[in-house]
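In order, the protein sequences belong to chains H and Y. All residue numbers for the first sequence refer to numbering that gives the first Met the number 0, where the first residue is 0 and numbers rise by one. All residue numbers for the second sequence refer to numbering that gives the first Met the number 0, where the first residue is 0 and numbers rise by one.
Where hints are given, some of them may not hold.
[Claimed, not checked] In silico DSSO-like pairs for lysine-lysine, Cα to Cα no more than 27 Å straight-line:
hint : chain 1 : residue 1 : chain 2 : residue 2
1    : Y       : 74        : H       : 173
2    : Y       : 73        : H       : 209
3    : Y       : 74        : H       : 199
4    : H       : 219       : Y       : 107
5    : Y       : 89        : H       : 209
[Claimed, not checked] Computed far set for chain H versus chain Y, every beta-carbon distance over 10 Å:
hint : residue
6    : 91
7    : 122
8    : 127
9    : 129
10   : 135
11   : 143
12   : 182
13   : 218
14   : 221
15   : 226
[Said to hold, decoys possible] Label pairs and their computed distance ranges (CB to CB):
hint : chain 1 : residue 1 : chain 2 : residue 2 : range
16   : Y       : 192       : H       : 146       : 39 to 47 Å
17   : H       : 145       : Y       : 116       : 40 to 48 Å
18   : Y       : 89        : H       : 150       : 51 to 59 Å
19   : H       : 127       : Y       : 152       : 21 to 29 Å
20   : H       : 154       : Y       : 111       : 36 to 44 Å
21   : H       : 219       : Y       : 93        : 28 to 36 Å
22   : H       : 226       : Y       : 111       : 49 to 57 Å
23   : H       : 129       : Y       : 125       : 32 to 40 Å
24   : Y       : 120       : H       : 143       : 46 to 54 Å
25   : Y       : 82        : H       : 126       : 44 to 52 Å
26   : Y       : 192       : H       : 101       : 38 to 46 Å
27   : Y       : 206       : H       : 218       : 35 to 43 Å
Hints are computed from structural coordinates only; laboratory data are not their basis. No residue lacks a Cβ here, since even glycine has one placed at the ideal position from N, Cα and C.
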Amino acid sequence: MAETRVQYEASGPSAIEDLARDPASRKRFLSMVGGAGGASAFALFLAACGSSRKKTTATTTSTTSAAKPGGGDLMIVNYALTLEYLETAFYKDVINSGLFKGAQLDTIKTFGDQEAQHVSALEAAVQKLGGTPAAKPKTKFPLKDANSVLQLAATVENLGAAAYLGQAGNIQSKEVLAAALSIHSVEARHASALNTLLGKDVQPDGAFAKPASMSEVLPKVKPFIVG
Amino acid sequence: MSDPKLAASGLTGVEVHGMTRSAFILRGALAAGSVYGAATIGPFVGQALAMSGGDVDVVNFALTLEYLEADFYKKAQALGLSGTAMKLAKEFGDAESQHVDALTQTVKKLGGAPAKKPTFQFPIKDEQSFLMLAQTLEDTGVSAYNGAAPQIQSKEVLGAAGSIVQVEARHAAAIRLQRSQPPAPAAFDKTLQKPEVLKAVKPLIKA
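So that you can see chain Y by itself, here it is in the shape it has in the complex (with noise of 0.2 Å):
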């Protein structure tokens, strides 16, 4: 019953718990941004940053991140991973699939249009570097949907964000592991607003 990864995690802890959540997901951010530079503001962002209210807004910026958390699994299966980090890129990939698909359906049911498909960039080129931005991702969608649940006025739809945060965070708790992190960092998860999630994200977003 001996876990080298919970071992490492119990190690480490105390050095992650002494950060706080924000000042870790916006360290990820940054060391992001400055292995790409180039931030560019895609046309969505701007977009974006200009929708005021309703819930076909918050599912498009939901959708959104799906896009971005999908495309970045399937790239990352051209990385050459190992067994673990591979099976975990194509589970969760495949799961982010079905979340950007049953986000397309609810903006259509809601009468809207759906987000277009940015095209992304990720500083990615081993198993390393995936897996640590794996993380941030996972743990900023996590709070990204936190902080957005609140908004929706549906309670419908409210129920199928809350089923698909869930499975974020079980996702940011397993690649945690396998970096040896503390899978859960806080008691209680950090919620994020869209124009810091969209600061986040803006580094991978090349159009």
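So that you can see chain H by itself, here it is in the shape it has in the complex (with noise of 0.2 Å):
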């Protein structure tokens, strides 16, 4: 499994730890999830993750997750959340927009639904680990036409489904485990769907879809958050 393991853990924890390296990032992050808890959180996050390069950290891992275990997951739920926030977002501009009529408005309502109720899941499932749910960022979309649209909406979800995916390997429970996959596969039938309307091919991957760590997601994002 060694090939395995290298590329999972340079999209993993790794990523992350890096990002918790750059002061730039992890600001942009961190006001993302919400503030000092999220500050708090993130600082549980990188010790329930735990360091695959310094074994000085393994004591440390041990004694923050025994403290104060599902800091990771509180972590990676808002995360989430934060990406649907944006991406119902998304969809409420688009409908607003006039752009879209008829079946393709229907389907663009029904995936706008299907991320709203994503957001309340992963709101419930944050309090449900005794944190609270990031704030929902002001979010700002290019809406020029149709197909632009259609674009930026297969972009989105295709980074979406990344962005789920990147993070499976990172979850301690079994439960947030569960729900985050429920979710990761919808996102993904969304990708290929409007990947299919723009004859685009459905698996841009090829046969296993990549992972996107937090660091690689963040800056793609950030040109639609305005506050």
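Combine the two chains into a complex, taking the hints into account.
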């Protein structure tokens, strides 16, 4: 499993460690997942993940994990929640833009409604983990014409699917993992449908979908977050 | 920008949304069963049911489903499918074969013996019956992976399973669109446990 291990570490905790070391990225992320509460959860998340590089963190890992299990999951769920807020806001704006009608509008409404259900489920999951749901970011999307909007929708959904996949291995709780997986495959369905509509390959990564780490996902969604 | 498939999916959405996913999958399985009647429990099913715990067992379970899907798409290509359906059968069949190879390697790396490939029979005789069963198999595959994944111990194996289930979900949505069905029938994909999955695919296993 040597090769696989390298691959998943590269896109998993180590990428988050990179994020932690980058003050700018960290500040950006913390503002998205909600201020000071996010900061402590973030520290716990790093501890819970442990470090594949430094053996000295092993003690901290077990101590902190024992002190507050679920800290890492809390961070991940708030991260997913932030992405779902974004998707929900996007579809809402698209519906209000008047660029779509008929069956396409119905499909967009269905996808938007499903994202809203993801938001509710993840908010509930955060509360169940004893945390505070991330603040809803203020968003702005370029909505010029139907085609570019569908392209953006496909980009967002493909990214969303990759983002969930990137976190699957970091989730500690089986319950949280099951919930994340049941959302992950729906994001993949959305991505596939939009790719089909645009005449793109439904499996752009081939037979194995590629994960995306937080540090890969956050810069891509940043342009749509205005506050 | 008008797509007849999505147009139709909008119209049929309500009807399908009214049915639970489990009912839908069960109906598909029952339909398959009623067509082919004789549902012999192959030796592999008994073996699989007797399995307990461990990543090797989970991966071998996934491997068996991938054998099934790979064989299904291979046989479908002999049906004289039209352009798009043939393209999907080839592309998806190739992906399922890659899943078979990857899971076989994974079992070996875990120190286990890869499950043997069963002999399958599929109630498909034309494009319509192919697409219908493809939808059932891909939807069931998604639910099977989602149900099994939380039991996986190894982070690497979980990552591999995740990257495969995402592709299964993409297949399911594309096949659904081809059938003018909603690509994502619910906000949360249902999970299925191993006994439920085995029961659903049982009619397709000859030996």
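Here is how each hint holds up against the structure:
no., hint, result
1, Y:74 with H:173, "37 Å, violated"
2, Y:73 with H:209, "25 Å, holds"
3, Y:74 with H:199, "26 Å, holds"
4, H:219 with Y:107, "38 Å, violated"
5, Y:89 with H:209, "21 Å, holds"
6, 91, "16 Å, holds"
7, 122, "14 Å, holds"
8, 127, "16 Å, holds"
9, 129, "21 Å, holds"
10, 135, "19 Å, holds"
11, 143, "14 Å, holds"
12, 182, "6 Å, violated"
13, 218, "22 Å, holds"
14, 221, "24 Å, holds"
15, 226, "28 Å, holds"
16, Y:192 with H:146: 39 to 47 Å, "43 Å, holds"
17, H:145 with Y:116: 40 to 48 Å, "46 Å, holds"
18, Y:89 with H:150: 51 to 59 Å, "26 Å, violated"
19, H:127 with Y:152: 21 to 29 Å, "24 Å, holds"
20, H:154 with Y:111: 36 to 44 Å, "40 Å, holds"
21, H:219 with Y:93: 28 to 36 Å, "29 Å, holds"
22, H:226 with Y:111: 49 to 57 Å, "52 Å, holds"
23, H:129 with Y:125: 32 to 40 Å, "55 Å, violated"
24, Y:120 with H:143: 46 to 54 Å, "52 Å, holds"
25, Y:82 with H:126: 44 to 52 Å, "50 Å, holds"
26, Y:192 with H:101: 38 to 46 Å, "40 Å, holds"
27, Y:206 with H:218: 35 to 43 Å, "53 Å, violated"
The structure fails to meet hints 1, 4, 12, 18, 23 and 27 from the earlier list, while all remaining hints are met.
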